[in-house]
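Residue numbers (the working numbering), protein chains in the order written: chain A, 1 to 364; chain B, 1001 to 1372.
Check the hints yourself; a few may be wrong.
Reference listing, derived: stretches of chain B covered by chain A, where coverage requires no fewer than 3 residues with Cβ under 8 Å from a Cβ of chain A [claimed, not checked]:
(1) 1124-1130
(2) 1196-1203
(3) 1350-1358
Simulated crosslink set (DSBU-like; lysine-lysine; CA at most 30 Å straight-line) [what the hints assert, rightly or not]:
(4) Lys1249/B - Lys339/A
(5) Lys1349/B - Lys57/A
(6) Lys1187/B - Lys1249/B
(7) Lys1208/B - Lys1295/B
(8) Lys159/A - Lys1349/B
(9) Lys57/A - Lys1187/B
(10) Lys1143/B - Lys57/A
(11) Lys339/A - Lys1208/B
(12) Lys1036/B - Lys159/A
(13) Lys1352/B - Lys339/A
(14) Lys159/A - Lys1352/B
(15) Lys159/A - Lys1265/B
(16) Lys96/A - Lys1060/B
(17) Lys159/A - Lys1042/B
(18) Lys1265/B - Lys1208/B
Since the hints were derived computationally from the structure, they do not count as laboratory data.
Quick caveat: nothing in here was measured; it's all calculated off a predicted structure.
Quick reminder that beta carbons are idealized off the backbone N, C-alpha and C, glycines included.
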Amino acid sequence: MSFSIYDFTAFNQAIDQWLRSVMSPGWALITELTIIGLVFLLFYALVGLVLVYAERKVCAFMQCRVGPNRVGPYGIFQTIADFIKLLMKELVTIRKADKFLFTLAPFIVIIASFMAIATIPFGKGLHAIDFNIGIFYLLAVSSLGVIGILLAGWSSNNKYSLIGAMRSGAQIVSYELSVGLSLLTPCIFIGTLQFSGIVEAQANGWLIFTGHIPVVIAFVIYMIAATAETNRGPFDLAEAESELTAGFHTEYSGIKFAFFFLAEYMNMFIVASIAATVFWGGWMPFHISGMDGFNHVMDFIPPFFWFLGKTIVIIFLMMWFKWTFPRLRIDQILTLEWKYLLPINLVNILITAFIVLMGWHFVK
Amino acid sequence: MTDTKTPYLEQQEYTINMGPQHPSTHGVLRFVVSLKGETVDKVEPHLGYIHRGIEKMSEKMTYPQIVHLTDRLDYLSAHINNHALCMTIEKALGVEVPERVQYIRTIMDELNRIASHQLWWCAFGMDMGALTCYFYGLRDREKILDIFEESCGSRLLHSYYCPGGLMKDIHPNFKQRVKDFLTYFRKKLPEYDTLLTGNIIMQERTKKIGLMTKEDAVSFGFTGPAGRGSGFSCDVRKHHPYAAYDKVKFTEPLYTEGDTFSRYKVRMDEMWESMNIIEQLIDNIPDGDYQAKMKAVIKLPEGEYMQRVEAARGEFSVFIVSTGDKSPYRIKFRSPNYCNLGAVHHLSKGFKIADLIAIGGSLDLVIPDMDR
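With the rest of the complex left out, here is chain A (with noise of 0.2 Å):
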């Protein structure tokens, strides 16, 4: 087999060949996507400790104290403890609560976030679905988890969850705007939709360099707009700690709450990786033009490394912001994305368009 650290595509390749000359291709599609499905899951589940453990140490480091440092070496296996006490908890069946409902939400809200995560090109050739219409796509499943929300506030017959429900509900909506013409700028200088497309054409230097300024302001509305998406940082009304105790989420326990803390950080991080791969690059090294024994090191290190390597850098970006700021109120939430941001989008597209049609623009 064909195996390279630093282009999945011969190996993928090898592998479709090996299982189609074994079983008829209806069976060996089954198994590639189970075997997708399997990898998937693990990955989930893997980021989703490993992020739980960061924020905690992340937000501990910041605020002069140590974090979890008893379970393990460096408290390392803590996430793991507090997902095996999550495990044994009593799932509490509230009265009059639509039980359907109430344990559907916690599902949507996942489905959305492993639909995004397909997409997403790890490395060269390392990626499950390869659309031509890829950021579609996933602007598209990315607002499926609003529902999960919804359902979740609804279902648990309860004002509080209610009122959460509500406030995270239009926040997601409104935000989605915004991330959606943010992330079409790039789009526009690049030419494709595809995310394959989006990462080759940012071989010769990443996007925020060459692209300038509408990309540059691109960028910071999509942080903030992202962060806004999965209801983290400073826009974290729905469930603010000292409002209305916890939110939509009040009267989940157990395994369902862990389903929605688990979807809210892998959220955190399909955000970061969108950011990584359509601004900052994604897989590609980082090469200074005219630097070539820099860039020949540069090279060395695995596409997969530089991937992830960005995305932790936005990630720690967003718990930076988490830890720092106060909270917005929902009004100053939806008049940030209706008059500031939405706005400001829509006169970068037609800057960027402008450029671009002029040829002015550096990527092709």
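Assemble chain B onto chain A, guided by the hints.
Frame of chain A; chain B shown alone:
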């Protein structure tokens, strides 16, 4: 059967209960909030969850014992509460406390004020959502609590003053530690401004929220930093100076906007002023006795006596009615938090729930003081 409308609820109103256990009402206070959508229409505080009958208990206790009870009222201004009671007793007996005692009491009061404002800042940031503020404020407050522990014997509820003077003299390290603290905190306080005061999100959430005009402040009895944020000059240390306050120069921060942000700024400025006061006094503590000569059993002569002080939250005063016994016939504490709470409905009508939290935080309510 007549259709009587209850005075509180109408058809479209929606009542929520920020119950006695709630992360934001610091202490056991219950707000019954009736909302129209997201806007607050009426706020009804329900008190009494931590009523311990302190005023009634005092009628059975001797005067030095009551000092320990005043600690437990507004536990974040413990020294200042003790000071009020001790001054009332000394005034009634006509005892002149030594100069040394006045200086030390003033320094301890001001240190207590800084510690109280630090904790207020922690909690205010946390209620706004900036959770890191809590840790930074507490980290600096620990330095003051260590100073207290060394000299007074405990960190929070000191009972360091007694009628006639202090329980024990200050520790030899006291002066140096206070000076070290002042140099340390002068560097840290601008960090607080960088983190919270200058933050646009915080300013948007506190400016023009919870407005109180000066006339309303006077009629509500809205004293302390909250009243000064509305332009009501009510500092007891300036208007009726006691202890060593007439010997120091300090300004009274006054802001006229009357919103949450000006109440916030008043407290931040007060921390600077307190540090100035301490600095003026710390090098000049006169030598002498730490206690005036008092009888073993303190009996106040017949009559009524009153003394007021500036606690961290407002004007705290003690009123004793005595019949010549060793316990008071009636003792009454005028607690600043109780009067400030009376204005919560006036302040938050028309604003949102999130603003109610900000307003409550800016009033800096300590519930045991309200309920006594």
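Status of the hints after comparison with the structure:
Counting residues of the region 1124-1130 of chain B whose beta-carbon sits less than 8 Å from any beta-carbon of chain A gives 6, enough to reach three: the coverage restraint holds. A count of 4 residues in the region 1196-1203 of chain B with a Cβ less than 8 Å from any Cβ of chain A is obtained; the coverage claim is therefore met, three being the minimum. Interface restraint, the region 1350-1358 of chain B with chain A: holds (5 residues with C-beta to C-beta distance below 8 Å; minimum three). Restraint check for Lys1249/B and Lys339/A: not satisfied, since their Cα atoms lie roughly 49 Å apart, outside the 30 Å limit.
The suggested pairing of Lys1349/B with Lys57/A is violated, with an alpha-carbon distance near 41 Å, which exceeds 30 Å. Restraint check for Lys1187/B and Lys1249/B: satisfied, since their Cα atoms lie roughly 22 Å apart, inside the 30 Å limit. Restraint check for Lys1208/B and Lys1295/B: the C-alpha separation of about 55 Å exceeds 30 Å, so the hint is violated. For the given pair, Lys159/A sits about 21 Å from Lys1349/B by alpha-carbon distance, which is consistent with the 30 Å threshold.
Restraint check: the Cα-Cα separation between Lys57/A and Lys1187/B comes to about 27 Å, which is no more than 30 Å; the hinted pair holds. Using a Cα cut-off of 30 Å, the hinted pair Lys1143/B and Lys57/A holds, with the two alpha carbons roughly 25 Å apart. With a C-alpha separation of about 20 Å, the suggested pair Lys339/A and Lys1208/B falls inside the 30 Å cut-off, and the hint holds. Using a Cα cut-off of 30 Å, the hinted pair Lys1036/B and Lys159/A holds, with the two alpha carbons roughly 14 Å apart.
About 20 Å separates the Cα atoms of Lys1352/B and Lys339/A, which keeps this hinted pair within 30 Å; it holds. The suggested pairing of Lys159/A with Lys1352/B holds, with an alpha-carbon distance near 17 Å, which does not exceed 30 Å. Note on Lys159/A and Lys1265/B: the hinted pairing is violated, with a Cα-Cα distance of about 36 Å set against a maximum of 30 Å. As the CA atoms of Lys96/A and Lys1060/B are separated by approximately 54 Å, the hinted pair breaks the 30 Å bound.
The hinted pair formed by Lys159/A and Lys1042/B meets the criterion: a straight-line CA distance of about 18 Å does not exceed 30 Å. With a C-alpha separation of about 13 Å, the suggested pair Lys1265/B and Lys1208/B falls inside the 30 Å cut-off, and the hint holds.
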